[in-house]
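Here the protein sequences come in this chain order: A and W. Letter by letter, the first sequence follows residues -6 to 245 of the numbering used here. Letter by letter, the second sequence follows residues 6 to 169 of the numbering used here.
Misleading hints may appear alongside valid ones.
Straight-line Cα separation of at most 20 Å, SDA-like style, residue types lysine to any residue; simulated pairs [said to hold, decoys possible]: (1) K137/W - P52/A; (2) K117/W - A12/A; (3) K137/W - A42/A; (4) K137/W - P11/A; (5) K33/A - S159/W; (6) K71/W - A42/A; (7) K137/W - R38/A; (8) K81/W - G223/A; (9) K33/A - K71/W; (10) K33/A - A160/W; (11) K137/W - T149/W; (12) K33/A - G133/W; (13) K33/A - R123/W; (14) K137/W - D(-2)/A; (15) K137/W - G7/A; (16) K71/W - A164/W; (17) K33/A - R156/W; (18) K117/W - R38/A; (19) K117/W - A127/A; (20) K33/A - A155/W; (21) K137/W - R14/A; (22) K33/A - G223/A; (23) K33/A - A163/W; (24) K137/W - G223/A; (25) K33/A - S152/W; (26) K33/A - Y136/W; (27) K137/W - A127/A; (28) K33/A - I145/W; (29) K33/A - G166/W.
It is worth saying that the hints were derived from the structure and are not from the lab. Remember, it's a predicted structure, so these values are computed and weren't measured experimentally.
What follows is each chain in one-letter form.
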Amino acid sequence: MNLDDETLMAYADGELEPAQRAEIAAALEKDPALAARVEKHRALRAEVAGAFATVLGDPVPERLRAVAKGSAAPAPRARGNVVQFPTRGNRAPATPWRAREWLAMAASLVLGVVISWRALSPATPQMIAAGNGALAARGALATALDRQLASNQASDAEVSIGLTFKSRGGSYCRSFTLHASGTAGLACRSGDEWRIPVTASADAAGGDFRQAAGSIPSAVMQAIEARIAGDPLAAPEETRARDAAWKPARQP
Amino acid sequence: MTSAPEEISGQLVELLPRLRRFARTLSRNQHDADDLVQSVVERAWRHLDQLKPGANLGSWMFGIMKNAWIDDRRAKSRRGEVALPEDSGEHPAVSPVDSNASLWSVSEAMNKLPEEQRLAVALVLVEGMSYKEASGLLEIPIGTLTSRLARGRSALAAALGDPS
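Let's have the full structure, built from the sequences with the hints guiding it.
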């Protein structure tokens, strides 16, 4: 079956009529190459949406709240660094338009995603640096990614390692949290460094939050889901991978 | 006009995060994006009488933002202020210490797209609109939207590289 890219894209976006949709679903089952093309469309969509999703969780500048309220309602005084999330009561009756998306975002907010100014605190720049068109781990973050095992880390460590897994490309990736800046992210081994495809702010304020099961910000979780092959590594595999200096895993 | 100003003002405040995100997909950095949001909200208040009864305020605002952004780019380009995308590289979209490395790289890639592809990508992939909604807002046929979206996506995929 010869399918053009626009049709596959529309399929991936859920835009086709049921009949055509079923026809393509059947074709995909027989043709892994076609299925891979659809998957690429989905992965790109997730990557682009995930990147900008963080903006929804950023505190809205007071000047914008003031103009939105209109001249009739004088703006309250700026409140410094206090982050004003809309209250649940305000959000619930939101626009009927894209209500599902709002709810999803509200859930992410509860998980403490992205308080952007936190990431500007001094701990981050020395640990994450730009080079060769990508961000890479430096300093204490690079050391932790190289050496630290998720199964055995000090509770007061500067950096926590979350999941370690093999990517579909065979390289190792590890999620991490920088406690000083409240930044969470994903690092993937590339050559002899750790590249960082995504970071998001995790609310590091609560001590309990660190261990909370759902504490990986959604942007980071999406990046993991887009890459992971199989299950995250268990402790013995993690140790072996570290001792082998994170050399790319053989394809299963 | 059926809605009271207080109601509109509450809805506008609720829309701000989404307006900021849409503006951010169109602008090189959050500061420019917020300037765009501000001018759009001001325009909306000035032209509130043009909002048809029963019309969706969100769609109306997105339409105003699309027009404002295009007008702004035309004006800047007449004044020679907008560097062609190929010339860029001097000013990163956000600092590398921005909270989100992915936002940084995706935003750079978005900035290289032609206007019409960027709008299609922003509305469908980022805002999650259906092709029909997006083509309505952009006032283009659905087929045109589809081909712009497809071209924008392949350019983005090339710029971002496949996920490792």
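Please name the hints from earlier in the document that this structure breaks, with their numbers sorted from lowest to highest.
1, 2, 8, 9, 16, 24, 27 and 28
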